[in-house]
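Peer 1: Chains as they are written, first to last, in the working numbering: chain A, 1 to 216; chain B, 1 to 216.
Hint data in this document are derived by calculation from the structure and do not stem from the laboratory. Accuracy of the hints is not assured; some may be wrong.
Unchecked claim - Result set (DSS-like, lysine-lysine): computed pairs, CA atoms no more than 30 Å apart in a straight line:
| # | chain 1 | residue 1 | chain 2 | residue 2 |
| --- | --- | --- | --- | --- |
| 1 | B | 149 | A | 18 |
| 2 | A | 18 | B | 126 |
| 3 | A | 149 | A | 121 |
| 4 | A | 17 | B | 149 |
Quick caveat: nothing in here was measured; it's all calculated off a predicted structure.
Number of protein chains: 2
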Amino acid sequence: MSEFVRTKRSTVIRAPKKACYDRDEIYAVLDEALVSQVGFVADGQPFVTPVNHWRIGDNLYFHGSSAGRRIKIMEAGADLCVSATLLDGLVFARSAMHHGMNFRSVMIFGRARLVEDEGEKLAALKALIEHLAPGRWAEVRPPSAAEMKVTKVLVMPLAEASAKLRSGPPLDDEDDYALSAWAGEVPLRQAFDPPISDPRLPAGVEVPGYLPRDEN
Amino acid sequence: MSEFVRTKRSTVIRAPKKACYDRDEIYAVLDEALVSQVGFVADGQPFVTPVNHWRIGDNLYFHGSSAGRRIKIMEAGADLCVSATLLDGLVFARSAMHHGMNFRSVMIFGRARLVEDEGEKLAALKALIEHLAPGRWAEVRPPSAAEMKVTKVLVMPLAEASAKLRSGPPLDDEDDYALSAWAGEVPLRQAFDPPISDPRLPAGVEVPGYLPRDEN
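This is chain A alone, in the form it adopts within the complex (with noise of 0.2 Å):
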């Protein structure tokens, strides 16, 4: 187990009693979260767009179009701060003030820089695929020389990130425990539901074990 360094602006300031700086639950995190938001500013303006991710080691990966303002901006080595977050329940308390949420979400703050080697790059693309369907990879077509050239793949080293985690029941007032109202949590999960097969499948095509499924 080891903590990420706090920094200034990574340091959580309200309720640091959920605070959390630690690798391994960051990573977690990341790589629970499909798609996360990334924040850049633009002229004095925040911007603030969701991106699919995905994580090698200490590494964060992006990959976006050569001609999208975001990765030109992101490419430039701009200040990024990018947030996941996974809801994990609706917390119901009995006043209406200790109602929340059951969450794990992490900022990551730092900058990017294009992945140029060409190996690098394949191989990023291959984990981002790998990552969604281990298994995946050798069975679709891999990148065109052309599509590689209109793909950039951007690399962010996580070197400057926080948490912040709450579980568990409503904390109310001590007074209020005597109040009639039901109180406690609704668990909240994403759930896959069963494949789709594309209409233009040929006959015969199974669907495949890799797919991600829910395990409940």
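Position chain B against the provided structure of chain A, taking the given hints into account.
Peer 2: Frame of chain A, contents of chain B only:
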């Protein structure tokens, strides 16, 4: 059906076919997403933090502790970018680079102001609780004067917004439809699991019917 006026910052540049400026579509995403990500700039650095938002008509609401940094920055009239994303599925194509996701994502630009009128503030907090579970407000202890004092409510007019939407099967290169790899969509949704009662709940308190639940 009315459309948001497109501004320079709200106009979708990449993949304009996925763009949408329709108020009803954008409001549906905001109402379904339990959490959004608020971006702001502090000392030139972008920050992105998760927030529980809710909507009343053409206004988006947030709340937080009076002591919070984000609330202070928002209250001061900083430019904001609010992003909310719903994941609807993973898209598996016959080629690596056409893999993707089905999603509904909105971006809101603007500024927030403090809700100072106590009646408006209480009505907004009630709307938050009722949005999570219609009927809940009447059963819980309302905010005390002290709680109202340490809680701030902010409102952001919904005037500048856009959405990006993707749904349906993968779109492969025509030549790739002959390949034998499985292709299609794995639908994703936010699922509610059965409520967990607070361990301190007195015996005989039933789980109320107004809690959010899965229809499936």
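Peer 1: Taking the hints in turn, state whether each one holds.
Peer 2: Do the hints match the structure? See the list:
no.	hint	verdict
1	B:149 - A:18	holds (23 Å)
2	A:18 - B:126	holds (26 Å)
3	A:149 - A:121	holds (11 Å)
4	A:17 - B:149	holds (22 Å)
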